[in-house]
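2 protein chains.
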Amino acid sequence: MSSFEAISKEIEANKDKFIQRLRDAVEIPSISAEAAHRGDVCKMLNWAQELFQKLGVKCEQKPNGVQTLPDGTTIDLPPILFGQLGSDPNKKTLLVYGHLDVQPAAKSDGWDTEPFQLIEKDGKLFGRGSTDDKGPVIAWANAIETMQKLNVPVPVNIKFVFEGMEESGSEGLDDVLRANKEFLSDVDFTCISDNYWLGKKKPCLTYGLRGISYYTVEVSGVSQDLHSGVYGGAIFEPMNDLIWLMSQLTTVHGQINIPGLSKLVAPVTEEEMKTYETIDFDHDDFRADVGAPKLLKSTKHELLMNRWRFPSLSLHGIEGAFSGPGAKTVIPSKVIGKFSIRTVPDMEPKAVDELVLKYLNDLWAQRGSPNAFKPVALQGGRPWVAEHDHPNFEAGKRAIQKVFGVAPDLTREGGSIPVTLTFQELTGQNVMLLPIGSCNDMAHSQNEKIDVSNYINGTKVLAAYLLELAA
Amino acid sequence: MSSFEAISKEIEANKDKFIQRLRDAVEIPSISAEAAHRGDVCKMLNWAQELFQKLGVKCEQKPNGVQTLPDGTTIDLPPILFGQLGSDPNKKTLLVYGHLDVQPAAKSDGWDTEPFQLIEKDGKLFGRGSTDDKGPVIAWANAIETMQKLNVPVPVNIKFVFEGMEESGSEGLDDVLRANKEFLSDVDFTCISDNYWLGKKKPCLTYGLRGISYYTVEVSGVSQDLHSGVYGGAIFEPMNDLIWLMSQLTTVHGQINIPGLSKLVAPVTEEEMKTYETIDFDHDDFRADVGAPKLLKSTKHELLMNRWRFPSLSLHGIEGAFSGPGAKTVIPSKVIGKFSIRTVPDMEPKAVDELVLKYLNDLWAQRGSPNAFKPVALQGGRPWVAEHDHPNFEAGKRAIQKVFGVAPDLTREGGSIPVTLTFQELTGQNVMLLPIGSCNDMAHSQNEKIDVSNYINGTKVLAAYLLELAA
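The listed protein sequences derive, respectively, from chains A and B. Terminal number for the first sequence in the working numbering: 471, no gaps in between. Terminal number for the second sequence in the working numbering: 471, no gaps in between.
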């Protein structure tokens with residue numbers, strides 16, 4: 001029996017113990033968004049520290065800064081938990097990131113069970129944080145514990161960064177990481193398990209995330225909101241101008257009208273095209289899940305590329321106009337339209353901003369309105385893409401092949417996980433997203449769960465990955 | 001000395017008494033929008049009843065229905081105060097309408113003085129309700145009282161309808177009027193003093209009001225709001241469709257794109273064009289007051305006609321989209337756009353609805369979106385126009401000429417006063433709007449006032465009008 005087979009067997013044998021471990025973690029309501037639960041976030045970090053220390057991980061809680069609450073009062077941010085297992089200069093060093101805070105949850109939100117109790121039903125473990133991200137964090141401990149028990153040496157040094165504010169914008173994390181650069185200086189690979197399989201059956205590795213560039217366009221024309229009876233027909237209405245501007249940004253088919261933008265997009269390679277062929281994704285299932293009558297693209301690979309590989313532009317709303325129910329006869333005096341572009345490699349935020357602002361200015365000149373116009377590019381986030389033929393990904397692929405007997409799908413995601421970029425930048429090395437949960441785990445929603453099989457097989461994948469990293 | 005000269009002198013002599021009368025009325029905070037003040041509205045109606053009863057007016061409070069508050073509880077609507085002075089079958093009968101409720105007001109809203117105390121400063125009487133509409137209502141009592149004091153017979157029978165819910169949509173008024181049709185059956189003329197001079201110096205008589213047709217357009221495409229990172233590029237975004245639809249309604253110059261709509265508008269007559277020539281209205285003053293860089297029309301008569309004489313279309317807002325400050329990355333699942341058309345004679349609401357809905361449906365077909373689309377014509381209000389060469393208006397013109405030494409401007413207004421149409425319909429006779437306050441009285445706003453000269457001269461005009469009606 002190979003060491004992996006022995007590990008795999010031992011993990012299966014300890015299933016109940018590992019589930020109990022997740023149960024204990026779920027019972028700590030470490031909600032980062034609610035100041036009243038800040039103590040629970042710290043409790044959760046301490047709980048994890050204790051768990052990892054038992055495995056010989058040297059832990060240190062790095063103080064984070066202070067958070068200013070909406071009412072102006074301040075509260076300490078939870079510390080960042082740094083850990084280190086092994087410091088053999090002859091071994092490669094893996095960086096693992098995870099978060100221990102969770103989204104708010106209450107039974108009254110529509111949960112079928114108590115969100116802060118882990119309930120096993122039909123092979124699923126329901127509970128807030130089960131999949132996002134306590135399950136994956138604990139899976140690392142489970143994997144290492146199993147290897148140690150079987151005297152299988154962990155063949156890499158591991159550094160851990162666990163935080164407690166991810167669900168609240170990872171407040172302070174970047175500052176702490178930049179202030180502790182030396183901790184990351186010898187990292188060779190990074191692995192983050194904080195996303196999900198694309199489907200329900202087939203595992204994947206994620207090598208790309210879109211970025212975002214967010215814009216506001218303000219149009220103002222009169223000194224205060226006006227009565228449409230008295231002033232309708234007298235003034236150039238700002239809302240009229242803004243709506244027209246916003247209507248010029250995309251076609252009905254979602255194509256972006258901004259000249260030059262598509263030229264910033266890295267060309268699609270033949271090799272890349274091939275990765276879509278085997279991907280576990282059903283176009284019609286997806287359409288039904290979203291409740292859409294029709295999607296922008298009718299084939300699997302076109303649709304996935306539209307979500308991951310090409311930019312999209314969404315109109316989010318208008319500030320300053322009437323937004324309530326009923327019929328109000330107001331002419332808004334100042335309206336602010338909001339839209340954003342999900343960006344992809346090689347779209348540099350600065351280049352995107354330049355094209356967008358130029359287009360908006362050109363449109364405005366074309367409009368010929370006497371009103372005042374102010375387009376603003378808000379700070380956005382860069383897209384991320386990693387080389388997936390890198391030894392880090394190769395180790396991940398082999399680990400998944402060992403556990404599941406299939407090659408993982410190579411996926412991207414349409415949203416962003418900003419810390420991915422921070423780690424890539426600070427370590428200068430490859431970052432891989434290795435999801436454990438399934439697409440229907442309902443992270444952030446009611447009835448969040450992780451399948452027992454995903455949790456246990458995920459633990460096996462992590463152990464296999466550690467072995468493969470040194471292979 | 002003619003009887004009018006004697007009346008005019010006596011009104012001047014009683015200036016302080018009349019101001020004190022208005023002061024007493026302003027001190028009753030008869031805010032119809034706030035249920036907590038319902039008692040004050042009734043108190044105000046009783047106060048007015050006492051005032052008019054002293055002049056021999058036979059008063060009766062007609063019970064109104066019940067109002068359902070937003071929390072589902074119900075509260076009695078204030079009664080409608082009916083009054084009658086004289087019933088001589090040989091005299092003509094005048095109907096007078098006014099309202100005794102006011103808009104909410106608080107010093108913290110930005111008033112320089114206590115809103116429910118009448119403060120005299122620089123020839124102006126500041127206080128909530130001073131001009132809208134307590135001052136004009138009391139002016140009727142002042143005029144009648146003065147005539148009686150001087151033994152000048154009131155040469156017409158007068159019927160009064162005073163309500164206490166005008167600032168809250170005149171809830172129940174139409175029902176009470178229709179249930180008491182016989183009270184209105186012998187009315188020969190109606191006079192309403194619940195609007196304002198077009199300018200600050202020259203009085204006017206108002207013979208037209210625009211109507212309103214209000215529309216909502218709902219576009220929906222997915223079962224719930226979505227994350228623009230995950231779903232941007234996958235779905236036909238409803239907001240994208242709606243914004244485009246709304247952009248097709250008007251040109252930058254406010255011209256309405258709905259085919260056939262302009263053909264519904266009654267042609268402008270030469271005689272009507274002439275009325276604009278002498279009107280007291282300054283284009284640039286108006287522009288500066290509104291704080292607009294430029295207006296839709298550059299000449300006085302074009303601008304006034306655009307506000308009174310031609311329809312206008314305003315975009316009011318969108319329900320269901322992100323309307324808060326900041327940057328939210330949502331794809332709204334269902335958005336409801338709102339716009340309205342201010343209508344003019346001869347635009348029948350039904351004909352307008354037909355054209356608007358046809359245009360929206362045509363646009364939708366042209367759009368070719370797979371999303372769901374639902375345009376709705378909400379109940380609107382008809383435009384109103386009266387013949388201003390009618391004896392009612394002629395009496396008004398002569399009365400104003402007597403007091404001010406000038407012929408009044410003949411004006412329309414862009415908004416609507418629905419009760420005007422109700423009276424015209426129920427009496428079958430001419431209705432005239434005779435404003436007493438000035439364009440800068442700030443009704444509904446902070447620092448509402450009526451100029452002492454407008455209040456006192458307005459009282460004289462009403463007395464002169466009563467005399468002229470029988471001339």
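It should be emphasised that the hints constitute simulated quantities derived from the structure, not laboratory data. Misleading hints may appear alongside valid ones.
As the list claims (entries may be wrong) - If the Cβ cut is set under 8 Å, some of the chain B residues that face chain A in the computed set are:
#1 Gln103
#2 Ala106
#3 Gly110
#4 Met239
#5 Ser314
#6 Glu319
#7 Ser323
As the list claims (entries may be wrong) - When the alpha-carbon atoms are kept at most 30 Å apart in a straight line, the in silico DSSO-like pairs for lysine-lysine are as follows:
#8 A:Lys350 / B:Lys328
#9 A:Lys91 / A:Lys181
#10 A:Lys107 / B:Lys328
#11 B:Lys92 / A:Lys374
#12 A:Lys328 / B:Lys294
#13 B:Lys328 / B:Lys274
To be verified - In silico negatives: residues of chain A with every beta carbon more than 12 Å from chain B:
#14 Gly39
#15 Lys328
#16 Glu348
#17 Leu357
#18 Asn371
Glycine included, C-beta positions come from ideal geometry on N, C-alpha and C.
Okay, the hints, checked on the actual structure:
no.: 1; hint: Gln103; in the structure: 13 Å, violated
no.: 2; hint: Ala106; in the structure: 18 Å, violated
no.: 3; hint: Gly110; in the structure: 12 Å, violated
no.: 4; hint: Met239; in the structure: 4 Å, holds
no.: 5; hint: Ser314; in the structure: 4 Å, holds
no.: 6; hint: Glu319; in the structure: 6 Å, holds
no.: 7; hint: Ser323; in the structure: 4 Å, holds
no.: 8; hint: A:Lys350 / B:Lys328; in the structure: 21 Å, holds
no.: 9; hint: A:Lys91 / A:Lys181; in the structure: 20 Å, holds
no.: 10; hint: A:Lys107 / B:Lys328; in the structure: 26 Å, holds
no.: 11; hint: B:Lys92 / A:Lys374; in the structure: 61 Å, violated
no.: 12; hint: A:Lys328 / B:Lys294; in the structure: 25 Å, holds
no.: 13; hint: B:Lys328 / B:Lys274; in the structure: 54 Å, violated
no.: 14; hint: Gly39; in the structure: 28 Å, holds
no.: 15; hint: Lys328; in the structure: 6 Å, violated
no.: 16; hint: Glu348; in the structure: 19 Å, holds
no.: 17; hint: Leu357; in the structure: 16 Å, holds
no.: 18; hint: Asn371; in the structure: 7 Å, violated
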